[in-house]
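In order, the protein sequences belong to chains H and C.
Under the numbering used here, think of the first position of the first sequence as 1, with each following residue one higher.
Under the numbering used here, think of the first position of the second sequence as 1001, with each following residue one higher.
These are computed hints drawn from the structure, not numbers from a lab.
Because the structure is a prediction, the values reported are computed rather than measured.
Backbone N, C-alpha and C fix where the C-beta goes; we use that ideal spot for every residue, glycine too.
One thing to keep in mind: the hints can contain errors.
Chain H stretches covered by chain C per the calculated footprint, using a threshold of three residues with CB under 8 angstroms from any CB of chain C [what the hints assert, rightly or not]:
1. 22 to 31
2. 108 to 119
3. 124 to 138
4. 143 to 149
There are 2 protein chains.
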Amino acid sequence: MSKTAYEIIKNELKEVESLIRNQFSGNFGLISQAINSTVLSGGKRLRPALLLLCAKAGKNYDKSKALNLACAVELIHAATLIHDDIVDDSKFRRGMPTLQSLFGKDAAVYAGDYVLIKAFNFLYSVKDFDIINLFSRVMEKIVKGEIKQKEDVFKVISFTDYFKRIKKKTALLFGLSCEVGGIIAGTDNDKIRALKNFGINFGIAFQIIDDILDYTGNREILGKSPGNDIKEGVITLPLLLAIASPHYKDSLLQLIEGIKTGEDNSSRIVEIVLESGAIERSKEFARRILEKSIRSLSPIENLTVKSALESLALSSIERTF
Amino acid sequence: MSKTAYEIIKNELKEVESLIRNQFSGNFGLISQAINSTVLSGGKRLRPALLLLCAKAGKNYDKSKALNLACAVELIHAATLIHDDIVDDSKFRRGMPTLQSLFGKDAAVYAGDYVLIKAFNFLYSVKDFDIINLFSRVMEKIVKGEIKQKEDVFKVISFTDYFKRIKKKTALLFGLSCEVGGIIAGTDNDKIRALKNFGINFGIAFQIIDDILDYTGNREILGKSPGNDIKEGVITLPLLLAIASPHYKDSLLQLIEGIKTGEDNSSRIVEIVLESGAIERSKEFARRILEKSIRSLSPIENLTVKSALESLALSSIERTF
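Between the sequences and the hints, there should be enough to build the whole structure, so can you do that?
Here it is as C-alpha cells:
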C-alpha cells in the first residue's frame, strides 16, 4: 500500500507551518482577522504539499530551498485570498458600516500587501533569479486574471474564456508549485514540464470542483450559502453549461439580469442549475481534466512521488464525487 | 550658477518615464483610472530623481541599474498611492454605489498589486540581493506603518508617534532611494549613510509640508478641499500642535468626536488650526528638519550632486514658504 501524499512530507509540512507562524506571531491589531482567517487558518497547505512532493522527484533534495519556496507559494495564495475577500465582500455592504468594521476591512488591503511582502522574503531567501522570474511572471498573470474576472462580472463568457480564467485564478500557482519543485529537485526539463502540466491540469480540475461546490455544497461545507458566485456576478462552469441548454437559457439570463438590479435570485438560479444536469456535466469536465493531469505524470520515474501526486489529485476531487 | 537638480538628470528621467510607460501601454480596462491617475500622471518623479542624483555621487555610474531601480521606487510609491486611495475613499461611500463604479474601485486593489509586481520586476532586473533585501525591509515597514495609521485613526497620538508614522509613510522610501543610489555609485559607507540620512530627513520634512498643505491649501492646489486628513481621522502635526495648546484643546477634541459620529466639522477644525498658530510652528519643524537633512550631506564630495540634492530639498519646501 502506498503512503499517502501527506505522510511522505509530514515533517516538512510541520516545518512550513512553523516557518509561516514565526513570521506572523506578533499582534496584528486591525489586520488580525484577515491574517487569522487565511495565513493561520490551518488549511491543507495544498500548494506547499505539491511543491514539497515535486522537490523529491529528482536526485537532489534541497530541503531548505523547498521549505522556503513552499512558504512563498502558500503566502502568495493567502495574499490573493485576502485581496479577493475585500473585493468580493464590498458590494454587500448595505448602509453605513460601523467605523471599526470599516477600517478593519479596509486595512485588509494592507494585510494582503503585508502577506505578499512576506512571501517575497521567503522567495528571495533562496537567491535564485530563475525561480524569482518564474514567480514574477506567474504573479503578473494571476493579477491580470483577477482584473479580467472583475471586468467580466455578470457576463456570459465563452467556455474558452472560463478555462483561461480558472487557469489564471488557480491553476498557474499549482503549476508553479510543481514546476519549481521539479527545478530544485534537479530533474530533466521534460520531467519539469510534466510536473508543471500535472499542476496546471490539477489546478483547473480543482477550481471546477470548487465552482461545482458553490452550487451543490451546503452552508456547513462552504462556510457560506450556495449561489455565492452568482451573487457576486461570477458566472462559472455549471451556470455556463445550464445557459448553453436552450431549455434553461432565457429564464437564467432573466434571473441574472435581475440580480444586477438587486433582486435576490441566487437560490432560484441554483435550483435551475441543479435541475439542468449541468452539475453532472461539470463533474465530467473535472474528471477528464484530472485524468489528463495524472497522465502527464508518465515521465516521472520516482514512483513514490508519482503515486503521492496522483493520490493528492484524486483525493481532492473526492470532495464532490 | 549651479544647474538645477532636474537638469542634471533630465535625460535619465525621460528614460525612466518611457521605461514605465512601456510597462503600462496596454488597455487596462477597469483599472485604467487607477493606473492613469498614479503611474501615468506625469508627476515630478521625485523618488527617481533622488535615486538618479545619488547614483552620480561616486566613482561608478551604472546607468542601467540606476534607471531600473528608479522605476522600482516610483512604482512602489504609485502602488501605495493606489492602495491608500481605496482605503481612504471607502468611508465616503454613501448608499449604494453603481455597479460599475464599485467594481472599478474594488478592482483597484488588483491595480495596486499589479503595479507592485511591475516594481518588483524592475527591482529583480538588477540582480542584486543586497539591494532586494533593502527594498524588502523598507516595504515591510511601510506597510506596517499604513496599518498602524489605520489603527490610530482619530487618536491624538504623541509627537513621537507622529514622526514615526511619517517616517514610515514617506521618509523611508526617500531614504531608500538615496541609499540605493549611493550604493550603486560605489561610494563609501559613511557617504551612503549620509545620503540615506539626507533622504530620510528630507522625506520627513516633505510629509510635514504635505500635512500643512492639507490645512492651508485650496482646492486648486490639493485637488481636494482642505481638512481632508481629519475627515479621514488622520490627525497630523498642525492639529496635534493646536491640541497641545490648552486654549484650543477642548473645542478641538469635541469637534473631532463629532466627526466620528458623522458631523461635518472639518472646516471648523481647519479654521481653529489656522487661528492657533500651529501652522507656523509646523513650518518651523519642517524647516529645522530640512536644515538637518542638508547638513547630513556634508561628507558628500561631489559638489554638483550635493548642491542638486540641496536645491531639490529646498525647492520642495518652497511649496509652503
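Here is what the structure says about each hint:
1. 22 to 31: holds (count 4)
2. 108 to 119: Three-residue rule met by the stretch 108 to 119 of chain H, so holds; n is 9.
3. 124 to 138: holds (count 6)
4. 143 to 149: holds (count 5)
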